[in-house]
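Sequences listed follow chains A and B, in order. Every letter in the first sequence is one number past the one before it in the numbering used here, and letter 13, counting from 1, is 13. Every letter in the second sequence is one number past the one before it in the numbering used here, and letter 577, counting from 1, is 577.
Some clues are possibly wrong.
As the list claims (entries may be wrong) - DSBU-like mimics (lysine-lysine), calculated; alpha carbons at most 30 Å apart, straight line:
| id | chain 1 | residue 1 | chain 2 | residue 2 |
| --- | --- | --- | --- | --- |
| 1 | A | K45 | A | K71 |
| 2 | B | K360 | B | K336 |
| 3 | B | K517 | B | K530 |
| 4 | B | K97 | A | K71 |
| 5 | A | K71 | B | K168 |
To be verified - Taking beta-carbon pairs under 8 Å as the criterion, some of the chain A residues facing chain B (in silico):
| id | residue |
| --- | --- |
| 6 | H68 |
| 7 | A70 |
| 8 | R74 |
| 9 | I76 |
| 10 | I93 |
Stated by the list, open to error - Simulated restraints, written as ranges between beta carbons of each label pair:
| id | chain 1 | residue 1 | chain 2 | residue 2 | range |
| --- | --- | --- | --- | --- | --- |
| 11 | A | M33 | B | G45 | 39 to 47 Å |
| 12 | A | L85 | B | D64 | 42 to 50 Å |
| 13 | A | L85 | B | P15 | 49 to 57 Å |
| 14 | B | R84 | A | L85 | 32 to 40 Å |
| 15 | A | L85 | B | S151 | 24 to 32 Å |
| 16 | A | L85 | B | E77 | 21 to 29 Å |
Please keep in mind that the hints were generated in silico from the structure rather than gathered at the bench. Even glycine gets a Cβ: it sits at the ideal position worked out from N, Cα and C.
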Amino acid sequence: MKRQRDTTKKFEETPAQPPESDRYVLRLYVTGMAQRSTEAVAGSKSICEEYLDGRYDLQAIDIYQHPHLAKDERIIAAPTLVKKLPVSLRHVIGNRSGKDRVSLGLDLRLKT
Amino acid sequence: MKKANSRSVMPRSLPKVPSGIQGLDEITGGGLPRGRPTLVCGSAGSGKTLMAMEFLVRGAVLHDEPGVFMAFEETAEELTQNVRSLGFDLDDLTSRKKLVVDFVRVERHEIEESGDYDLEGLFVRLGHAIDRVGAKRVVLDTIETLFSGLSNAAILRAELRRLFRWLKDEGVTAIITGERGEGALTRHGLEEYVSDCVILLDHRVTNQVSTRRLRIVKYRGTSHGTNEYPFLIDEDGISVLPITSLGLQHEVSDERISTGIPRLDAMLGGAGYFRGSSVLVAGTAGTGKTSVAAHFADAACRRGERCLYFTFEESPDQVIRNMRSIGLNLEPWVKKGLLRFHAVRSTLHGLEMHLAIFHKLVQEFQPQVVILDPISSLIRAGTSEDANAMVTRLIDFLKARRITALLSNLTSGDKALEKSEVDISSLVDTWLLLRDIELGGERNRAMYILKSRGMAHSNQVREFLLTDRGIELADMYLGPEGVLTGSMRQAQEAREKAAALVRKQEAEGRLRERARKQEALEARITAIRKEFAAEEEEANRLAAQEQAKEQVLSVDRDAMARSRQSDVHEAPRPRGNLSGRT
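For reference, chain B alone in the conformation it holds in the complex (with noise of 0.2 Å):
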C-alpha cells in the first residue's frame, strides 16, 4: 500500500482492508475498515454467512491474509459443504494453515448458569485459533446464537462489549453477522457495539420474484455508496452489483462506428454511434425499433466485430426471418460466429439472474456491440424501480468496457414519448425516437434524433421506410399544409413538381415578353434617330442656301455702288457690313 498515494486520494479515510467480494469494495471505497469490526446483519437466509466465509476465503487466497471462522450456527462440515458449491475448498484452506474453522455449540439443555462467569472461554479459544495461523481476519457467525444459550443478558453484553474491544487490540479485521430484529438492525442490539461499519443484507420477494440486496448503512468515517445494491450468489460467490461505481472514469472513445443505416449516419454528424456508448431506440409499437437494432448488429459483423443479442420477445429465427425481408441477411454472421443471440422470456428469472447472465456471457463472447431488445420487458421480471437500477448498471458495465450497447424501449402510447418506460434517459448517449404519424387514412413511421451527446446532429424528423433494401430515412415534406408523410407526401411531392414548371413556364414567358418590347423600343430610338439625323440635314442646307443669297446680295450691291460712282469705298466700311467679310 502506497500511503502517500492513498493519502492524496482520500485525505481522511480509514485505512481499509479489500474484502475480495466483487462490487462491495467499489461501495466502501476500498474494503472494510482495517482492524476493526463490522457488523453484517440481515434475516434469515440473505447471505450472511456466505458473505462472512468469503471475505475470510479472498483474504486468505488473494490477500495472504489468514482466517479464523468462527460459527455459532453451523458445524464445520456443514460449512464446508455449504460452500463447496461456490468453489471455497475450506479442507485445502484449513489443512494449508489458512483458515480455522471453530464450531462453538451452545446448547441450553446442556448449560446450567450458577452465579458470576465471563465469556474468557471464548476468548482463549478465539486468541489461540488467531495464533495458530496468525490470523488477520476473524468471522463471528452469529454471536447473537449465545444469547438463547445463556440467560444472563446483562453478564452476556458486558462480555460482548469487551469482546469487541478485544478484537480492536488484537488487530484483525472481523466480520460479526446478526440477525436482523424488529425495528432494529439485529435481535440484540449488535450494532450499539459494533459502530464502525453496519452492512445490511435484504432478501426480498417482490412479484413472485426475489432479488438480493445489501446497504452501507454506516461506515464511520468515510464516504461510500448509500444506496441499495442488488447482489448475486452464484457459483463464483458472492457480486455486488454497484450502480455506478462511485466515479465516472470510463475511457471514451473518439471512435465512431456506422449505425448500418447511411442517412443516419449522416445524421449524426456524418460518422454513427460513438464507440462504447449507449444508444436508446425507443418507440411505440412496429415502429421499426428491431430493425434499426438488426441494422446496427449487420454493421458490426460486416466490420468483423462480435455482436451479442439479447431478444426477450422474439426467437432468433424469428427475427433472422423478419429481417430477412427488409433485406437484411444476418444467418451469415450467426453462422461465422460473429453474432450470437441470447433470446430468453424476461419472465424466467428475476432481474438479478438476468444481470449475471449478461455478465457471464460478456465475458465470455467478449462482444464490441450488444443488443437489448426490447429492455421494457425486462420491467416483467421485476417492478420498473429495479428493471431501471437493472439498465443502469448494466450500461455502466457496458460502458467500463467500451462496448456500444443498444437498447430498444418499447413506450406505449399513452405515455409522453420522450419519456422511456424504463427511465434511463439520462444515461443513453444518443436517444432515437421512432414514432408513427397517421394521416391521410395512413399510418407512417418517422424519426428523429432526441439527443446525441457529444455530436453535430440533425434536428430534422425523417420519414422513416422499411423497404426491401432495408432501412431508408427520407426528407418530411414541411409546408404550408403542415408535415406530410407517404402517399400524401409523394402526391404532394407531385403537386409541386407540376406547380414548379407552370412557374417555370410563366417565367419563361415573361421574360421573352420583355425582350420582345425591349426590341420595339429600339427599333422606336433607331426610327426618332433617323429623323433627327434627317432633320440636321435640312437645317444644315437651309442655312447654306442663305449664306448663298446674302452674298449674291451684297455683290449686287456692290455692282450697283460702283454703277453709282460712290466715292466711299475707299473708306472703311462700319463692322457689321456683310460686305466688308468678302
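Only chain A is shown next, with the shape it has when bound in the complex (with noise of 0.2 Å):
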C-alpha cells in the first residue's frame, strides 16, 4: 500500500520538476585502460556532445580503481554506461558499436 503511495507523489512530482531535470547525468564504468573502455568513453562522449550539447554531465568511472562503486551501482558488465538522470535507470551495456540502440537506451529519440 504504501509503495503505491510512493508511486503516485513521484508521478504527480515528475511534471511539475524544474526543467532543470532534462539534464542527463550519465556514468560510463570502464575496466582500466582496454581497449572497449577507450571505444565506450569516445564513444559516449560524442553521442553526448551530438544529442544533448551541454546538457548532460558524463563521468568514467576506472571500476579496477573504485571497486565498491561496482557493487552499489549494480555494474555487472563492462562497459556500462548509466543513465541516473532523467528518471527510469537505463544501463548500457557494450561498446557503443551500434549508435541507434545507445540512443534507445538514452531515450534521446524523443528529442530529435
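These two chains come separately, so use the hints to put the complex back together.
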C-alpha cells in the first residue's frame, strides 16, 4: 500500500519538476585502459555532444580503481553506461558500436 | 591437516574442504574439492540455495573460512530471512566480517546491449568481496539468471568459462548452483564448465509423500558414494543420510544381553543378543511379534537401561494393556522414565520426516535399546524401496551408536516367510521367525532362529506359547507322525508316556522270566552234579570190593600151594602175578 502511494506521489511530482531536471547524468564504468574502454569513452562523448549539447554530466569511472562502486551501482558488465537522470534508470552495456540502440537506451530519439 | 596421514588413507585423492553439512562429507569422503568450483543443480525448490548457504555458514563458523554469497535471485534481506528459520544469522556473520552477501540484480528491461562487452563488472565485485573478508568460499546462486538478463549467449558462455577459471586461480572453493534443465543437468549446460564435482538435488513426490534426494553425479579424482541419498531440511539445516557411510567400521561388542525370554537366551548360545546388534522378528499376523519386543523392552528396563519404543499401529496404552495380559507390566518402566513410547501413524509424514524424528529422539533420549514395531507399516509412508533404504540407514545409525535394535516385521501369508517385506534381511544380525502352524483344527505358534551372526544358535523349531506368565518356548514333537503342536502335541506326549509304561512293564516281565529260567537251570545243574557224585562213589566202592576179593583169592592160592608142598615158592615169581605184591 505504501509503495503505491509513493509512486503516485512521484508521478504527480514529475511534471512539476523544473526544466533543469532535463539534464542528463551519465556514468560510464570501464575497466582500465582496455580497447573496449577507450572505444566506449570516445563513443559516449561524441554522442553526448551530438545530441545533448551541454545538458549532460558524463563521468567515466574505472571500476578497477573503485571496486566498491561496482557493487553500489550494480555493475555486472563492462563497459556500462548508466543513465541516472532523467528517471527510469537504464544500463547500456557494450562498446556501443551501434549508435541507434544506444540512443534508444538514452531516450534520445524523442528529443530529435 | 596432517598430510602424511591423509595420503596414507587416500593415496591420490584431491585435497578436500569439509562442507560442514551433515552426511555430505561422509558421502564425498571428506568434502568438496578444495580450491575448485562444485556445481549443485536441481529443480526449483530442491534446496540448492540452502545447501550453498549452509556451506558458507558452516565454513565461516566451524572452519574459520569466510565466504561470499553472490545472489542472483534473492536480495540479501530475503536470504537473511529465509535462512533465519535454520538458525543462521547472516547479519551477525556479516558484521563479524565472516560473510558478504552481494545481490546481483539483472533486470532485462533496464539493460540495453550495444556491442561488445565482458562481465568484468561481476569479476570486480566478486574480487572485491573476496578481498574484503579474505574469503575462502564462494557461492554463485544462480548464475544462469544472467542468461535471462543478457541476450548475447556467446559472450556469456565465454565469460562463464573465464569466471570458473578465475575462481580456480583465486583458489576459492566455490559452489555454483544451476537450475535443472530438460534432458541435461542444467538449463544452460553449466556442467560443461564446472567439471570437477557435480551434485544433483532432487525433490520428488511419490504417493503424495515428498522426499528430497541428493546424488553425486561426478567427482573427479576421488571415490564417492554414487547412490541417491535422501536428505532433510529441518531447523538444524540440511542433513544427508548416507545409507551406509562409505565404511562399515562401527565398533562391535562381545557383550550379550538377555532377550527377556530365558529359553530364547538358551537358544541363542545361552546368552541372548549381542549388544549393538540388530534383531529382526518377522512373522505373520498374530504370531506374537509385539510380545517378543515387549519382553526385550522389559528385560532392558530391568537392567536399568533406557528403551525407546516406536509403535506404528498401536497406542502406548494399548501395548501396555495387551502386554499385561501375558503378565508383563511395562507401566512402571514408563513412570520411571526408562521406557519411552513414540506412537505415530506411519502415514502421518514422509519417510524422511520419520527418519528425522528417529534421529532426534535417539539423540535426545540416548537409549540403549530401540524397538520399531512394525517396520513393515513404514512402507505405507513411501514405496518399499524407500522404506528399505530408510530402515537400512536407521540400522546403520543405531549400530554406529551401539544401540541394540529390535525390529518387528509383518510378513503377509502369501509371501515366502524367509523374505522380509522390507528387505533388510542381509543387514540384521539376528533373525527370529515366528509362524503359525495349523494342525488338527487349531492354530499354534512356532519360533525358530533363521540366523544369528557370530554365535552358536539352536536350529530347533520351538513351540511358542503365550501364557499369563509371558512367553514360553516348548519343544516341538517330532516323530513318525510329523511335527505336532498344541493339544495334539500334548495328546501325543500322553500317548507316548502310556506306551513307554507298557514297554517298561514288558521289559521287566522279560527280565523276571529269564531269572526264573536261570534258576531252573541252576537247579538242574546241581541235581546232575549230585548224581555224578553218587555215581563216582559207587564206582569207588566197586573197585575196593574187587580188590578185596582178589586179595582173598591170592591168599587162598598160597595156602593151596603150601598144602601141595610146592617147591617153587623159593624161586622168583614171574611179574604180573598178583601174589608177588603182597
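Evaluated hints:
Between K45/A and K71/A the alpha-carbon distance is near 24 Å, which keeps this suggested pair within the 30 Å criterion. As the CA atoms of K360/B and K336/B are separated by approximately 21 Å, the hinted pair is consistent with the 30 Å bound. Taking the CA atoms of K517/B and K530/B, the gap is near 20 Å; set against the 30 Å cutoff, the hint holds. Our distance criterion of 30 Å between C-alpha atoms is met by K97/B and K71/A, whose separation comes to about 17 Å.
As the CA atoms of K71/A and K168/B are separated by approximately 22 Å, the hinted pair is consistent with the 30 Å bound. The restraint placing H68/A at the interface with chain B holds, with a minimum CB-CB distance near 6 Å, inside the 8 Å limit. For A70/A, the interface hint holds, since its Cβ comes within 8 Å of a Cβ in chain B; the closest pair sits about 5 Å apart. Below 8 Å, beta-carbon pairs count as interface contacts, and R74/A has one with chain B at about 6 Å; its hint therefore holds.
With its C-beta approaching chain B no nearer than about 5 Å, I76/A sits inside the 8 Å limit, and its interface hint holds. Interface hint at I93/A: satisfied, since its Cβ lies 5 Å from the closest Cβ of chain B, which is below the 8 Å cut-off. For the pair M33/A and G45/B, the beta carbons lie near 46 Å from each other, so the given range of 39 to 47 Å is met. Take L85/A and D64/B: their Cβ atoms lie about 45 Å apart, and the range 42 to 50 Å holds.
For the pair L85/A and P15/B, the supplied restraint of 49 to 57 Å holds, since their beta-carbon distance comes to about 51 Å. Distance hint check: the CB atoms of R84/B and L85/A are about 37 Å apart, consistent with the given range 32 to 40 Å. Checked against the hint of 24 to 32 Å, the pair L85/A and S151/B passes, with Cβ atoms roughly 26 Å apart. Judged by the Cβ atoms, the range 21 to 29 Å given for L85/A and E77/B holds: they are separated by roughly 27 Å.
Violation of the numbered hints given earlier is absent; every hint is satisfied by the structure.
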